[in-house]
Amino acid sequence: MKASITRDKKEIENSDCLILPGVGSFPNAINSIKKYELYEVVEKFVASGKRLLGICLGAQLLLSKSYEFSEVDGFGFIEGHVELIRKFSLLNKLKVPHIGWNNFELKLLKSPTSLFDDLVHQYFYFVHSYIMCPRNHSEVIGETKFEDVKFASIIRKENIIGVQFHPERSGPSGIKFFQNLKSNIQSEL
Amino acid sequence: MEPLIIPESVKEISTDSAGNYGTQDITGTESKVVYCKKCVISNQRPRITFDDEGICSACRYAEKKENEIDWDDREKQLIDLLDHYRKNDGSYDCLVPVSGGKDSCFVAHQLKFKYNMNPLLVTFAPLRWSTIGWQNLQSLIDTGFDTEICVPNTYAYRLLSRLSTEYLGDPFQPFVYGVKAYPIRMALKHNISLIFYGENGEVEYGGDMKNADSFMHDVGEDLRNHYFKGMMPSDWEKYGVDKKLLHSFSLPNPDQVQDKQIKCSWFSFFKKWTPQWNFYYAREHTGFEPEADGRSEGTYSKYASIDDKLDGFHYYLGFIKFGIGRATSDAAHEIRDGHISREEGVALVKKYDGEFPKKNYDLFLQYMDMTDEQFQSIVDRFRPSPLWIKNNDEWQLKTQVSNL
Amino acid sequence: MKIRLIPRLDIKGGNLVKGINLEGLRIIGKPEVFSKLYSDLGADELIYIDSVASLYGRKNLLEIVKRTAREVFIPLCAGGGIRSAEDANEILRSGADKISINSEAVRKPKLISELSSLFGSSTVVSYISAKKRENGYEVYIDNGRERTGMCPIEWAQEVESLGAGELLIESIDQEGTGLGFDLELGEKISNRTNVPIIITGGFGQTSHIVDAFGKNINAFAIGSMLHFFHMQKHALLNERQKQNHYQFQTSHFENLGIEELKQNLSKHGVPIREIT
Chain A
31 MKASITRDKK
41 EIENSDCLIL
51 PGVGSFPNAI
61 NSIKKYELYE
71 VVEKFVASGK
81 RLLGICLGAQ
91 LLLSKSYEFS
101 EVDGFGFIEG
111 HVELIRKFSL
121 LNKLKVPHIG
131 WNNFELKLLK
141 SPTSLFDDLV
151 HQYFYFVHSY
161 IMCPRNHSEV
171 IGETKFEDVK
181 FASIIRKENI
191 IGVQFHPERS
201 GPSGIKFFQN
211 LKSNIQSEL
Chain B
451 MEPLIIPESV
461 KEISTDSAGN
471 YGTQDITGTE
481 SKVVYCKKCV
491 ISNQRPRITF
501 DDEGICSACR
511 YAEKKENEID
521 WDDREKQLID
531 LLDHYRKNDG
541 SYDCLVPVSG
551 GKDSCFVAHQ
561 LKFKYNMNPL
571 LVTFAPLRWS
581 TIGWQNLQSL
591 IDTGFDTEIC
601 VPNTYAYRLL
611 SRLSTEYLGD
621 PFQPFVYGVK
631 AYPIRMALKH
641 NISLIFYGEN
651 GEVEYGGDMK
661 NADSFMHDVG
671 EDLRNHYFKG
681 MMPSDWEKYG
691 VDKKLLHSFS
701 LPNPDQVQDK
711 QIKCSWFSFF
721 KKWTPQWNFY
731 YAREHTGFEP
741 EADGRSEGTY
751 SKYASIDDKL
761 DGFHYYLGFI
771 KFGIGRATSD
781 AAHEIRDGHI
791 SREEGVALVK
801 KYDGEFPKKN
811 YDLFLQYMDM
821 TDEQFQSIVD
831 RFRPSPLWIK
841 NNDEWQLKTQ
851 VSNL
Chain C
60 MKIRLIPRLD
70 IKGGNLVKGI
80 NLEGLRIIGK
90 PEVFSKLYSD
100 LGADELIYID
110 SVASLYGRKN
120 LLEIVKRTAR
130 EVFIPLCAGG
140 GIRSAEDANE
150 ILRSGADKIS
160 INSEAVRKPK
170 LISELSSLFG
180 SSTVVSYISA
190 KKRENGYEVY
200 IDNGRERTGM
210 CPIEWAQEVE
220 SLGAGELLIE
230 SIDQEGTGLG
240 FDLELGEKIS
250 NRTNVPIIIT
260 GGFGQTSHIV
270 DAFGKNINAF
280 AIGSMLHFFH
290 MQKHALLNER
300 QKQNHYQFQT
310 SHFENLGIEE
320 LKQNLSKHGV
330 PIREIT
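Residue numbers (our numbering), protein chains in the order written: chain A, 31 to 219; chain B, 451 to 854; chain C, 60 to 335.
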């Protein structure tokens, strides 16, 4: 299975799976996507039913809007918004960003997927100050606890998956995640 | 500080007559400035030689240290030597001249604690002791050593260093006299036949290679032949400096030394001399600490030669006379020891070499009882024209070290 | 939240080096080799600091970051001589996840805001080196060679307000000695800031981290002890090092590799990510 980094519309259209990575800020990311005329390309890709994986900021972009720096619209594939994690903590001083290794509680009953096979108790690397707040609870399939805040770390709607953590930086757990993803995609072909 | 009174008779020395005693080593003399292809030193360093491949004698010696010398065998030789001199009757069996710097800490500590000798440490005071210098010496002594310290009277020290600055372009001359003479006087006083120096500087850093293969050296010979930039302490007497003032700096009678068979040796013959290792050792075993304020002016190092507040001026004048500053010396041996690359050495020299030591300039001027103008004119007097060129009112070295 | 253990690699001219009090640097080996080992053995992240980049460029650092990123899949922070957004971009494009800035941030504080708005706060680590002086602590730059007259606690607060997402706090006095972290410095800064803090400088024994637990410190960057242990255990010593008459190890180091350290910490109840 070949992977590539691209901005080419044709290449994106022809892929079996699209990954939206992300480090940086929400407004900058959306603006870049629009600047390179990829906004519609992504929408079309999702509409085709092929799998879209958003990572960290890439996952946050899937939601309706974000309040980072200013109110900015995202793709809106999943209803909800993106908000600063500290707003949800009652602690005097929550150290933000949330940086480090953490795990999640899977809720796969209504939304089974083999993506997390053998990864139930594993740790993944998180580095973010903002969290995803999907409107529909059924679209949250993984929750993570950071100090006194419980937040959505994995969201899913049909062919769209968003993970707040960085599987590409999560050592062996991350590698297993990508192996699962690969099997997943291949089985659907 | 009090004004420095200079005897009338001394004021009559013109630079010419001081020059008659031999201007050897006073300034860079080679007509073409060449830099070693392996390290960053130039051929202007007195007594250094370069071979046909453009590599300096110190680098060649470093290669030998790395590839040819059998250090296990040298260790055996050291043990034999020490077994011969060791005394178990409570008296001192060797003498170690120390400054409290990393190298002397290493030598002293090893001799006492590893090789079970009973050394007497001997220190000749720098012109103006720095806080960290005194602290490091104290820490060394705290480890458990008897130490003799000589502090010459300040007037004498000031006068002689002022005169050597003016006439020889180096404030360090009296310090060098003391460092050479005092250990020998103490060896005579305490009946010690073995003086252990740290490194043979000529061999390690580029100079006269004549003692490269010997570990024992007769002190008497040394005294007879040793001229410091062409002037012995007693020569100053001829110029009207009172004999009383020269006492702490005077070398003992060579015949006295001959009778007692006082020998001197270098630790660097027996141990692969690596100043950076000495730093680690001293840090670990004698509480040595680098300068808290950061690097010394004119270099990147924080731990080399930090005991004298005024030593920056010795290095600065060295830079003027030879185009070789402190950073060059520090980088050169670190390159030879394999700790930095030549590329890094070149970058360090370009960044720090020749930096004016302004931190203690006021103290220096007071000590020398000079004005800034007087000092600057001395600097210009010793600036050799082959090395320097004036560019837009600023002096620059005509040739600088660069990447190959 | 799990405590993070981060091996810290000081790089010079393509080599892993280590010293004491930021002075004197011994060549230990190839950084990529050590990094791969640490990653496999359970390190949580890696930090690369290039100590000559500001002198004459970071070509070497970029090469090492590229090589590392190809084989290591845990977060990597790299720094050394970063003076502009272009410099930071180069390092990130080579495969680093975070960049650290030290000396240039002091000379040009605006750089922090510029980098954090371009790359995100969590990408920018502010590296602060401090030494204890007569009346408190002082920030030093240029590899501990120059004083700045600034207080590290105030400086830490300022860099946070400028957008740094994480702090790397180093004690120059403790660095390389194995005598323990300067927990007082770490705690003081942690209590006055709201971003995660990594402390570094002085680690030698398990107890040094156990003692830090509860002081609000999120991560520990460890150099000397780990390198020396793994260098010997995994026969990474080269010929020249073997020949040296002088022992590397100081008497203050508990003889531990990263696995053993994590196991010890677990036993002491310190929350740590374990490799299964």
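Simulated from the structure, these hints should not be mistaken for laboratory data. Since the structure is predicted, the reported quantities are computational estimates derived from the model, not experimental observations. Watch out, some of these pointers could steer you wrong.
[To be verified] Below, simulated BS3-like cross-link-like pairs (lysine-lysine); rule was C-alpha separation at most 27 Å, straight line: (1) A:117 to C:61; (2) B:759 to B:710; (3) B:800 to C:118; (4) C:118 to A:123; (5) C:169 to A:125; (6) B:722 to B:482.
**Prompt:** When the hints from earlier in the document are held up against this structure, which numbers fail?
**Reply:** 2, 4 and 6
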